[in-house]
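2 protein chains.
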Amino acid sequence: MTDELYMAHALKLAKRGCFTTTPNPNVGCVIVLHGNIVGEGWHQKAGGNHAEIHALHAAGDKARGSTVYVTLEPCSHHGLTPPCCQALIDAGVDRVVVAAQDPNPKVSGKGFIFLKQAGIKVSHGLMMKESKEINRGFFKRMVTGFPWVQLKFGISLDGCIAMNNGQSKWITSHHSRLDVQRYRAQSSAILSTSNTILADNPFLTVRWPQLKKDIEFIPDQKLLRQPIRVIMDRQNQVTPKHKIINQPGETWLIRQSHDNQCWPNNVVQMILPVNKQKINLSEMLLLLGKNQINNILVEAGAKFAGALIQDNMIDELIIYIAPKILGDSSIRFCKLPNLIDLNSTPKFSFTDICKIGSDIRMTLIPEEQKSI
Amino acid sequence: MTDELYMAHALKLAKRGCFTTTPNPNVGCVIVLHGNIVGEGWHQKAGGNHAEIHALHAAGDKARGSTVYVTLEPCSHHGLTPPCCQALIDAGVDRVVVAAQDPNPKVSGKGFIFLKQAGIKVSHGLMMKESKEINRGFFKRMVTGFPWVQLKFGISLDGCIAMNNGQSKWITSHHSRLDVQRYRAQSSAILSTSNTILADNPFLTVRWPQLKKDIEFIPDQKLLRQPIRVIMDRQNQVTPKHKIINQPGETWLIRQSHDNQCWPNNVVQMILPVNKQKINLSEMLLLLGKNQINNILVEAGAKFAGALIQDNMIDELIIYIAPKILGDSSIRFCKLPNLIDLNSTPKFSFTDICKIGSDIRMTLIPEEQKSI
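Protein sequence lines, in the order shown, are assigned to chains A and B. Just so we're aligned: the first sequence equals residues 1 to 372 in the numbering used here. Just so we're aligned: the second sequence equals residues 1 to 372 in the numbering used here.
Among the hints, erroneous ones may be present.
Which copy? The list can't say, so a pair holds if one copy fits it or any two copies do.
[As the list claims (entries may be wrong)] Derived DSBU-like pairs: lysine-lysine, alpha-carbon spacing no greater than 30 Å straight-line:
1) K12 with K303
2) K241 with K106
3) K169 with K347
4) K347 with K303
5) K45 with K276
6) K303 with K169
Don't read these hints as lab results, they were simulated from the structure. Predicted model only: the values in this text are computed from it and were never measured.
Full structure from sequences and hints, please.
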């Protein structure tokens, strides 16, 4: 097998962490001695062992003289766990092949220096793009401070999310709604607004039992968590009685002032100053980035979606189209009140199109966005 | 080679007629003697030789004792040309394999009887579905009197065909507009309305030079024709100065009364009685069917599209989606004024989805429609 095939296997292992590692990145590791895989591992949860440590444990004495394939630069500092570089040195490995350098400017490259100083051969860049891709939220946050923002919609052929009277259950199919569960499950947080909470009183939780087949490889079901529910609630309209409040996992209410209601311990009121009666979306996302949110799935109405799009805050659009026509009096998915010229409309590029049940799912990125 | 492979080849030949045979069907024919193709042909133009005659000419003496694969039942009557059955008998063929029976109730099955009575072995049904598929307009017209109606749109992600101020050039990409040319070229007629003519003053013609690669197999470029431009013009708003009037090919104006303007010879005023200020769409389509229109491509605005959809007159939707958002004040592709319940919205099924340049093209059929 070639270096590339071992690294592809390490990436496959890394992806197993997609539901559980937040705020940490997904990392996989494969240890090879004389052409045999002698150990492998993946990072499961922040605070738990890193991928390299799992793989070294599996390899035992066979790590000596081996080549280690790891999808992200091994850490050289004491974080929640001791440095992986030291463990690799102690195990006597011969060579370390890394996909991507750690994006954290404070530590980036230090792992390579640490290993090289110990006489270990180090190379990096192999399948770097793929490693960044599976951790695009982590990379974006580390480099820019902002989370990766996905905006999701279920619409009709004519771009509607509800009838004129508000009726919206259901435009898309059961299969599409199940697919949304998978996106939720991979997100650090779900972002919505008090308008949506007041109108629909949703749970905004992951129904893990519906994803049974997607998570059967996870060794301990206790690793499964609920994405944080972040609600834009400028006017303190959400109350302790709303369904989101009494679900497992945290709810963060983004407000301009605290209220004195009796909130459960898993609810946090976060204060952001208001400018011209509006919360600054950029400041709001930076606040979430500072609080270690890598990936956000936005599930909200047309007004909030339009504001995010007009402020260029979206990294990816995920649109489910149901083969129905709701007609011109129905409610459209995106309000863009100030748009008058066709040449200045928000533009995107399709990155994926596929059939989901009776619907189709389209994935798009903003046109100007080249890569993370 | 098997019967199926020969018939597949005959179908491929038949499809070559897609731009030129209207109002006749597309038909292909392959003649096989001792495992070798000794003659093949396809129907090119109404009034010209049928596929069987082309193939018999190519086969010459080798037609004796051969098997003939033909995608549609050979004719047994004198139409614009002498009966193909007689020619097959005269050539001394041994066996005739037919995909689909002639759908015309007046002649259906008579070709088989004619051939059998002359001692020729006859079978039919092989790849019948495919043969019907390439002639779905012809089959629908023969069986029901109605043409096959395709409704085409170029829309934004939010289902709009223009900005609020009417600006609509261009929502979709150059590639999509070229693809539309291909649909036009395969249609017997383009159906539009005086509203569209007054607003956009379009040509509604096929730009054949843009389809150069699609038509290079056509032996004589004189076979290329312009689809008939059919315009709903209840209030006699179209004038001899509009661009559609002075193009090659015919223009049919569907009106409730003649006017006395000086029209060129290629313009026909067709009169349909008006009921409650509306032209009955069903009667209009039957009129077009009676005038030998097999396939119609509708290129019109939201009001006419909505009326066709609500009256269940559409066989296929072809929607190009450009990755843009035009916002909630823009003009949507389909007016459905009386719709209030999500469960009663017009429903479709996706039959095809593909990327066309930077856009995607979705093809849909009405949900209740099972087959032609």
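Right, here's what the structure says about each hint:
Taking the shortest alpha-carbon separations for K12 and K303, neither the intra-copy value of 38 Å nor the inter-copy value of 51 Å comes in at or below 30 Å. Proximity of K241 and K106 under a CA criterion of 30 Å is satisfied in neither setting, with 43 Å inside one chain copy and 72 Å between copies. In the homo-oligomer, the alpha carbons of K169 and K347 lie at most 30 Å apart both inside one protomer (29 Å) and across protomers (15 Å), since each shortest distance falls under that limit. For the homomeric pair K347 and K303, the shortest alpha-carbon distances inside one copy (18 Å) and between copies (27 Å) are both at most 30 Å.
For a Cα distance limit of 30 Å, the shortest separation of K45 from K276 qualifies neither inside one copy, at 41 Å, nor across copies, at 70 Å. When the C-alpha separation of K303 and K169 is checked against a cutoff of 30 Å, the pair qualifies both within a copy, at 19 Å, and between copies, at 26 Å.
Checked against the numbered hints above, the structure violates hints 1, 2 and 5; every other hint is satisfied.
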